[in-house]
Amino acid sequence: MARENMHIGGAAAFADDRLDVGIPVANALIAAGKPAALFYENLAERTLALAHRELRKDPMKGYTPDLCGFVSPVLRRCVENGVPVIGNFGAANPMGAAMRLHQLAKELGVKGLRVAVVEGDDLRDVIREVGTEQWGDEDPIDLGNTEILAANAYLGAEPIADALDLEPHIVVTGRVTDSALALGPLMQHFGWKAGDWDKMAAGVLVGHLLECGAQVTGGYFADPGFKDVVGLADVGFPIAEVEEDGSFVITKPDGTGGVVNERTVKEQILYELDDPSNYLTPDVTLDISEVELQQVGPDRVRVSGVKGKAAPDTLKVTVSVDGGWLGEGEISYAGPNALARARLAAGILRERVDLLSLDCDLRTDLIGTVSIHDGDSGELTRSYDGEPLEVRVRAAANANDKETAWTVAREVQALYCNGPAGGGGVRRNITERVKTGSVLVARRDVMPRVSLVTEDNV
Amino acid sequence: MSKSLIEVPLHEIAHGRTGDKGDRLLLSVIPYDETGYVPIAEQVTESNMLEIFRHRGATEARRYDLPKLNAFNFVIENALQGGVNNSLNLDGHGKTLSFLALTMKVRVSPEVLVAAKEARSK
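From first to last, the protein sequence lines stand for chains D and U. Read in this note's numbering, the first sequence has 1161 at position 256, and its numbers run on one by one without any break. Read in this note's numbering, the second sequence has 302 at position 93, and its numbers run on one by one without any break.
Worth flagging that the hints you see were computed from the coordinates, not collected in a lab. It is possible that some hints are incorrect.
Only some residues are given here: those of chain D computed to face chain U with a beta carbon under 10 Å [unchecked claim]: (1) 1099; (2) 1101; (3) 1103; (4) 1233; (5) 1277.
Backbone N, C-alpha and C fix where the C-beta goes; we use that ideal spot for every residue, glycine too.
Generate coordinates for the entire structure from the input sequences, incorporating the hints supplied.
Have a look at this one:
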């Protein structure tokens, strides 16, 4: 007998996403009454490295800082209605996140919480010993003597499907592929497995389309007069209604803002995609070149025709090491001759970095002319011949040490009294940077583990 | 024939989105209307795209054609000046760069331009 359709909702695209958007998605999943799962994607390479730094300072931290902000608005309804919540919000410390979620349940008076934890992605202690291969043609990251902040393998969907067999209310993971957060529940529900390549590929495509949240429902899309979108302040996050054969409809909760059409879906299908015929994941290799899209109703696009083939033998591991410091400072010039004063200020900053013999890479921008599209050489900025009403000078410097980065930022502030006429509105900032690179490891060197944390064993 | 062609920014007949993987920029170019596919295939070539990003140090552009989706996918190497973890650019991800690609000039017939405008307003 054919299995019932499954509905998957995506409620976060990154660690800093809106915290209230899961509510309408959870409500729509519950109202539809189908088997369902709600997932939160909270990890980027940099976010994970920062989480490891937090964990080192405090063994109870290292998960997504807004964990409770994301989960608390939906926890009670999802628990009461049997909609599992799945998230990579465990980051560097999935077990720590499970403990915090139990504490949250207590605070909210939600009883009998079951949290499944997926671990085994963290290879920091063994990465120097296991054999690694270079990933693609990227410059290999030097594992020599540098301190490794983080080394996490991208796990696939299988451990998430296994975790769901334990009938949890929440599944917490660390590093898994973003798409695994959707494929996991689909594998568990439909019984899809390695070998069912077209269906596995469909499940990955569901995840790929949902993992960036509003990017498939009108976010990162609007271009007034060209691609108009209404209601981005309450943009609805996406839901996929998936059939057993792997075809699915992308939609969003009724009454929310945004739009789902062939254009929003196309932009998101191709988002961060390299070769469309060979999209590698730990679960399956996808070919999306023959995918068909069809608008089947308002805010409803049907997706079919994705093909799959065997997954690669190796798993990708992202390794993070210390990346020095970024120092930034900005100051504005406005009104008559603003551009000339801004150019003078940028020149002074360059001279100061030389005079002080600061060991750093410096870039200056004239924001309001051409800046963000320009390269570090400033070629486009030099040839700019407009006369803007306001120009904001920005200096940015990479340095090995904090003090040098701060000195560059400080030099921008010193322009108040020492620079061109009428400079104002200084802001300064320094940021600790993380350098990341990727290597490949054999599957046998990565062992995913699944465990269940109940009220009794907290 | 060529006399009736009009030069417009790519932005008039196509939309797109950028993403990043390290120092590699991934960029989609999607015609608003199917009639835009051929002129884009002919003019938005790998070498023209590389030229748009040359001032940022880009070294290679590859194009994947997706006639069934009516879209193109570009992979541009070393366009992000180190990528999000190392770039000194305000936009280390290259999020804004689809709109740099869309400044490329293309020559199209009035019919292609009208079809794009009609598709946009749907």
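Problem - Violations among the numbered hints - result: Structure breaks hints 1, 2, 3.
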